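Mind assembling these two chains? They're in different frames, but the hints should get you there.
Protein chains in written order, with the working numbering: chain A, 1 to 488; chain B, 489 to 922.
By construction, these hints were calculated from the structure, which means they are not laboratory data. Because the structure is a prediction, the values reported are computed rather than measured. Be aware that a few hints might be false.
Derived EDC-like pairs (lysine to aspartate or glutamate); straight-line CA-CA distance at most 16 Å [stated by the list, open to error]: (1) Lys510(B) / Asp242(A); (2) Lys363(A) / Asp321(A); (3) Lys611(B) / Asp428(A); (4) Lys517(B) / Glu386(A); (5) Lys120(A) / Asp133(A); (6) Lys611(B) / Asp459(A); (7) Lys363(A) / Glu595(B); (8) Lys517(B) / Glu387(A); (9) Lys390(A) / Asp519(B); (10) Lys731(B) / Glu520(B); (11) Lys507(B) / Asp242(A); (12) Lys909(B) / Asp726(B); (13) Lys703(B) / Glu625(B); (14) Lys250(A) / Asp67(A); (15) Lys627(B) / Asp726(B); (16) Lys909(B) / Asp777(B); (17) Lys510(B) / Glu387(A); (18) Lys363(A) / Asp777(B); (19) Lys53(A) / Glu3(A); (20) Lys611(B) / Glu426(A); (21) Lys906(B) / Glu765(B); (22) Lys808(B) / Glu761(B); (23) Lys390(A) / Glu520(B); (24) Lys30(A) / Glu3(A); (25) Lys510(B) / Asp533(B); (26) Lys363(A) / Glu598(B); (27) Lys53(A) / Glu189(A); (28) Lys517(B) / Glu495(B); (29) Lys250(A) / Glu526(B).
From the structure, some residues in chain A lie toward chain B, with a derived Cβ separation under 10 Å [what the hints assert, rightly or not]: (30) Asp242; (31) Met360; (32) Lys363; (33) Ser452; (34) Lys483.
Computed Cβ-Cβ distance ranges for the label pairs, DEER-style [as the list claims (entries may be wrong)]: (35) Pro767(B) / Lys120(A): 21 to 27 Å; (36) Gly315(A) / Ser545(B): 46 to 52 Å; (37) Leu617(B) / Lys120(A): 43 to 49 Å; (38) Ser445(A) / Lys906(B): 56 to 62 Å; (39) Leu617(B) / Gly315(A): 38 to 44 Å; (40) Lys511(B) / Val448(A): 35 to 41 Å.
Note that CB positions come from ideal geometry on N, CA and C, so glycine has one too.
Each chain, written out:
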Amino acid sequence: MSEATFDLIVIGAGPGGYVAAIRASQLGMKVAVVEKRAAAGGVCLNEGCIPSKALLDSSELFAMARDRFAPHGIAIDPPFLDLDTMMLRKEDVVKKLTDGISYLFKKNEIERLHGTATLKGLTAAGQHQVEVDLAVPPPVSSGQQSLLEPVPQSTVILTAPKVLLATGSDASPLPGIPFDGHVVVSAREALSFDQVPEHLVVAGGGFIGLELGSVWRRLGAQVTVMEMLPQVLPNMDRQIADTLYRSLRKQGILFKLSTRITGVRRIGAKAIVQFNSGTGSEEVDCDKVLVAVGRRPLTGGLGLEALGVALDESGRVTVDDSYQSSVAGIFAIGDLVAGPMLAHKASEEGVACVERMAGMATKVEYEYIPGAVYTWPEASCVGATEEQLKAAGVPYRSGRFDFAALGRARCMDETEGFVKILAHLESDRVLGVHIVGPRASDLISEAVTVMSFGGTARDIALICHAHPTLPEAIREAALDVHKEAIHA
Amino acid sequence: MDIKIPEVGESVREALLAKWFKKNGDIVKRDEPLCEIETDKITLDLNADVAGLLTISVAEGATVAVGAVIGVIDESTAAPEVSAATATPGLAEKLAVPSSSPSLRREMREHNITPDEIEGSGKGGRITLDDLFSRIEEKSKMPPSSRPAVPVEPALSAPEHPVVPSVEAPPTDIQPANVLVPDVPPVQPLSVHTEQTPVYSSGREERRPMSPLRKRVAERLVAARQQTAMLTTFNEADLSHVKSLRSTYHEHFLQRHGIALGFMPFFVKACIEALREFPQVNASIDGDDIVYHHYYDIGIAIGGDKGLVVPVVRNADRFKLYEIDQAISAFVEKIKSNQLNISDLEGGTFTISNGGVYGSMLSTPILNPPQSAVLGMHAIQDRPVVRDGQIVIRPMMYLALSYDHRIIDGREAVGFLKKIKEYIEEPEELLLEG
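Looking at chain B on its own, in the form it has when it is part of the complex (with noise of 0.2 Å):
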């Protein structure tokens, strides 16, 4: 076929052959640019009409008329045709993912929610921000028993929902009134949702609908137990030496601070040099990424009138022992005159629950995800101990761990609570690293 200067406009009757892509003999496929031809008006492109062997009869630089025959496709020696299989795959790859904005694939990756777990509502499937806000929404709503395909995904996909890390005290105890909820529109977050909803009544036994608040609380409850592979490791600590140095210091610490010296301050101490040597205790689990904390940030359970809260005590490790205790009896102040903010309950790398003040010799407490780890303090009841091969009486609180087998193993889990163990046992070791 040969191959022929097009008309390019009307008054145009000549071209410059400006270039061969091609050299003489190659074998050229259908529709790849042979030459460029420019004209006082345009540049163009001439392609190949057919596949086969090239052969230029007038060479680049010419000026030549329109129709003018510049070179010949022999259709006999066409090569084989390129499949599109053997293309390089990124780009295609690139291609199928719908439409959405720098922002929202941000927030995708947040939210660790891959582009094809929405179906996009906009124009040609493109997906909306609120397209992945309700499939946030739908995440979180979604009881985890329904999702039987991919029972580790949606833990990742969750990470930022705390539950209330819970001793399991009867169910009296456990009224969870201030859950953290950052991504989801305000949940009534400060008051409970009191039971005005309508009650089904018949005599012998009552249904009633759970509180929007009530469901949520137990929604991540169970989404903490089946998400995290989380177990809890005991032991016991004897608290002779920090009984003695709070009835030491009592009144000084009293005078200096306006505040008695309580147990809580020993036992963040305790932690926060404890998660220093054991920093994946203070990590999470990000997507396939383990997220290192470098910072502190304390949750204690506080039991109030309207159910457990975990404010989040920040930068802990720079407070000293008075600063936390100041700090906690803050947050109990507060939580009394009904003044905590969310965000006093945002966050956290760590929590400590302390089902002792219920009476609580021994639980396990759920995790508070996405953090890895919680200590549950207990109790303390004088015991018969053995010291030097004598049976003493000591006071003494079991402590537990519970952990996340996912990044923490048992070997760090159980050095960690002996850690506290032995700086509640020594508290002067403490005190000595600041």
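So here's chain A without its partners, still in its complex pose (with noise of 0.2 Å):
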């Protein structure tokens, strides 16, 4: 058994983790990075974000080819797909962006090792010891090197007064229906389905089930989501969230709200739910059901129990500012701890967490977080909701633009959507910005940015836009929140 000592150790090579493991060596530690997986970039990369982004774009694609191009002139046969095609871009996309952070680990001189750690208390030193059970790479003959199961070969302890966990979280069950990983399913196997499901039952109204029922929905699959509570995108702006749900439900994805999912019946490879809407028991056939119900921190297994390392009521771990755990040298970022689930939130706690170990003040800013749902049209928020405002009390005005009176969305034929940016009602300091329409992930970074600088409504009024874009929407909706809006 051999051991080896280092500045920091950091468990779980997911986006907070690879890129706190970055920093920490830009800034001089000496870092180990433990990841279960032979590829690095945790859950995002393998089978999250990336993945799901890769196929979203394709068969966004697929769906604009098929019903899209007539009104342009564009007159083609059916197009025909190939899911085997599409699938291997896909884990194209991942490797390349796999093997991209391998070359910055080893640029920046980080000790990657893979398997599993566990905390194994302190040495007599007062060093924190991590024993990492080794696993041999499986033999490279799938792309799926992530789904298969490490051998373990032997063990070596690391030791260092650091230990960075960012272990990140896996999918949920729905109470008493396991996953079985083939009928009933997390995200992950819903992003590696080898043919198009003739009906696809999502369970959860959340980003993650909606995105990959529109996936599914667009190469042709019944989908039909199903969530517990009266609306979907719970968390989000009402406005923004109603609106992506007509849209999504006119592209033919059925929703039952207020819906329990009581049991799941496997017949052969397809599956009966049942389920309650409030009147009674009902049943729906269907081939797989995707469980997108909400995630849980990983944190069996890492020996925290043996620590004391102390968890919240939701087993998420206590932290103070400097991400440190109940026990000192004992630090977490990420889904491990409280706040949104997302891979941005992880890398900006990874960063704060280890500049921090190097005595700078920084800190994550939360409230100028953005949140992205990848549907068709896409939905974009940072700040407030005019629901926050309306129970904070804080006054506020509402300036909203459609992209329907947007010349570029015009061109583009996406003419779904809006921006609606909320601004008090005094200073005109921007609370919060929604979008729902066209690219709305990449325009809320204007929004982010002018928020984060304290910005006002007559801020981005004033600043000039390139036309014709985008982004003029935002701009009008600032406008609109003196009444001023020029195109509307």
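In structure tokens, the structure reads:
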């Protein structure tokens, strides 16, 4: 059993861990990263953000060629779906990006270990010990290395004064309905179906369910989204969520809101979903059930109990402003700690955590973290929703501009949606920006920038925006805060 | 009051009642959205014009003509207005903070300055970088006595402005030429401001303005006294062993490393070992936090022609005895040839000041904030001491440790100094420990 000493051991090479490791190395720390997957990048790169966006982009092109070329004067035969090629392209995108992280690790002289880590308490000298069960990389016969079980080979002990936990989260199952990997599946499997399901039932009307539901709807599946609450995307601004909801319904996704799934019966390769929408038990046939009802922090198996690391009531690690847990020298970030489970939030926390270790006064400004839903139209947001402002009794003005009135959106034939800006009634400071529409995820950056600088609606209105572009909608919405929009 | 579908555009005759946000029989507040209507041009919310009890007459999903009545609000049953006071406080508080930029906020945190200390000169009270820098400047210039209201706070705000640690030697000895001033524009870092300023002489006494550098040194020294809870503990060490080690290995050491073995490396090593055992002595206060430094950057006060300077031996724990000696000699050379860089003076987690070179028998060194302790070495004198019941003559040195009582307890300070004494008296242990 070999041993090695570092300044920092990072457990998990997802968007929180790998970014923290690189930053720590830049700051002069000697860093080791332990990752249970063969590939770096965590859920985000391997089975989350990146592969889902690859499929969203592919399926969007497919749906566009099928449904929307004609009005542009492009006449083609109905396109034929080659799902295998679409999946291979997705895997190639993932591989190029995960390889990129491996390169960055080498470049930053970060020691990378493939295996599972367990905290083993303090040495006599007060250093934290991390035991790593090393795994042999699986044979490279399939592109899905992340799914293969690593084979334990040997154990090493790493020691460092500081350990950063960044193990992320995994999908929660429906109560009483475990995942089976074939019919009742999580997002991971839903990114790799080998054929388009005839009927996909999506449990959960959050962004993961809506995005993956969109992918398979565009590729031809019948999709039914069942949501326990009376609305989809409950944390988003209600107008945005409702507009997106209507748009997705128009695209043919069926919604059953205020609906509880009570059971799933497997019949061969198919299943019958039992549900209750408040009017008694009902049943529906389907081939796949995608469960996207939330994610739970991966705190198990790390040895946190033995060390006495405190968790909060939702099972997330309790940390202070420096992301240090109740045990000195043990830090945690990302999905393991409170806040939205977002890749970019984890990265921000990773950087802040190691910069604070290095004595810098970095702080994550949570109020300016944007969120995005990559359906089409897309939805995005930053800051307070109208509902939150009302609840807080903050006086505000609202400005809104519809893409239907925007030149570029017309050219693109993307007229659904709008930009909404909420500004303080007295100071005019922008408090929240909510967008549903084409490229909303890209458009939100301007809003994040303005809000981070404490800008006002008038500030946006006074900034020149290129014409004809989608961001003009943001400026018009800012003008509309004072009812001065030119094109409304 | 009736709820009607409003005019939404010239050519629009009808609208889809897309959604009711409120249920039949709900009490609604004024300006609360009631429902959403959709036309082929726009989607818009209908808000309540008055507060009261809602009665819906047209269900959602219906297409209704412009001007049609879709419900009624009965004003006689209004809900009590929710006062803003019951609102969640967090959001409203955040809004009260003046605007600034992300980098500026980090800069403020680094300097422990809160937005309300700064008057923003930008549009709408926005704080600019210039505002912040002038505030930092102002704070560093402000005489401590003029800040009665918050006696402790300024100490936290100027942690990276070390004071030249100085044994309180006669005035001629303290001419600290090179003060580290990292955050203000360089103040002729290494050249003494020679007194060419106007001299007002009237015979019996003369009055000369202090040079800017002298003023800064004075401020820092006073600040260190006023803004820390400084006190000093004493001990003495018997240097017989170190002296005999030196004389035994002098030739060998000189041949091998080209340098005479001095006392200082032993003290540096002893301090590092003691710092390892008492990490708070190597720590500093930053705001409400204690920052523990897991590295040992030791400042060595060295007297030069132009005054006392404190270059820093970085990561001194990784150095061997002769390497420490070489590092110090290199600094001495640099000081002689005026080659010392500002970077040589920056940082430092602990300082050793040797007043012994001036012949001082006993003195109390002043802290070098944000450092929390400073060791004062003194002249070695043969003194009678008692060993095994006999009075014998031994080369003795008084040791003084000034420390910030805010983070170092008396027991730790005394223990720390005692450790140093033990390591100096039994240097073998030091050498065995590496």
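Hints, verified against the model:
| no. | hint | in the structure |
| --- | --- | --- |
| 1 | Lys510(B) / Asp242(A) | holds, 14 Å |
| 2 | Lys363(A) / Asp321(A) | holds, 8 Å |
| 3 | Lys611(B) / Asp428(A) | holds, 12 Å |
| 4 | Lys517(B) / Glu386(A) | holds, 15 Å |
| 5 | Lys120(A) / Asp133(A) | holds, 12 Å |
| 6 | Lys611(B) / Asp459(A) | holds, 10 Å |
| 7 | Lys363(A) / Glu595(B) | holds, 11 Å |
| 8 | Lys517(B) / Glu387(A) | holds, 14 Å |
| 9 | Lys390(A) / Asp519(B) | holds, 10 Å |
| 10 | Lys731(B) / Glu520(B) | violated, 87 Å |
| 11 | Lys507(B) / Asp242(A) | holds, 9 Å |
| 12 | Lys909(B) / Asp726(B) | holds, 8 Å |
| 13 | Lys703(B) / Glu625(B) | holds, 14 Å |
| 14 | Lys250(A) / Asp67(A) | holds, 13 Å |
| 15 | Lys627(B) / Asp726(B) | violated, 45 Å |
| 16 | Lys909(B) / Asp777(B) | violated, 30 Å |
| 17 | Lys510(B) / Glu387(A) | holds, 14 Å |
| 18 | Lys363(A) / Asp777(B) | holds, 14 Å |
| 19 | Lys53(A) / Glu3(A) | violated, 40 Å |
| 20 | Lys611(B) / Glu426(A) | holds, 14 Å |
| 21 | Lys906(B) / Glu765(B) | holds, 12 Å |
| 22 | Lys808(B) / Glu761(B) | holds, 13 Å |
| 23 | Lys390(A) / Glu520(B) | holds, 9 Å |
| 24 | Lys30(A) / Glu3(A) | holds, 15 Å |
| 25 | Lys510(B) / Asp533(B) | holds, 12 Å |
| 26 | Lys363(A) / Glu598(B) | holds, 11 Å |
| 27 | Lys53(A) / Glu189(A) | holds, 15 Å |
| 28 | Lys517(B) / Glu495(B) | violated, 23 Å |
| 29 | Lys250(A) / Glu526(B) | holds, 14 Å |
| 30 | Asp242 | holds, 6 Å |
| 31 | Met360 | holds, 7 Å |
| 32 | Lys363 | holds, 6 Å |
| 33 | Ser452 | holds, 5 Å |
| 34 | Lys483 | violated, 14 Å |
| 35 | Pro767(B) / Lys120(A): 21 to 27 Å | holds, 23 Å |
| 36 | Gly315(A) / Ser545(B): 46 to 52 Å | holds, 48 Å |
| 37 | Leu617(B) / Lys120(A): 43 to 49 Å | holds, 47 Å |
| 38 | Ser445(A) / Lys906(B): 56 to 62 Å | holds, 60 Å |
| 39 | Leu617(B) / Gly315(A): 38 to 44 Å | holds, 43 Å |
| 40 | Lys511(B) / Val448(A): 35 to 41 Å | holds, 36 Å |
Consistency with the previously given hints fails for numbers 10, 15, 16, 19, 28 and 34, ordered from lowest to highest.
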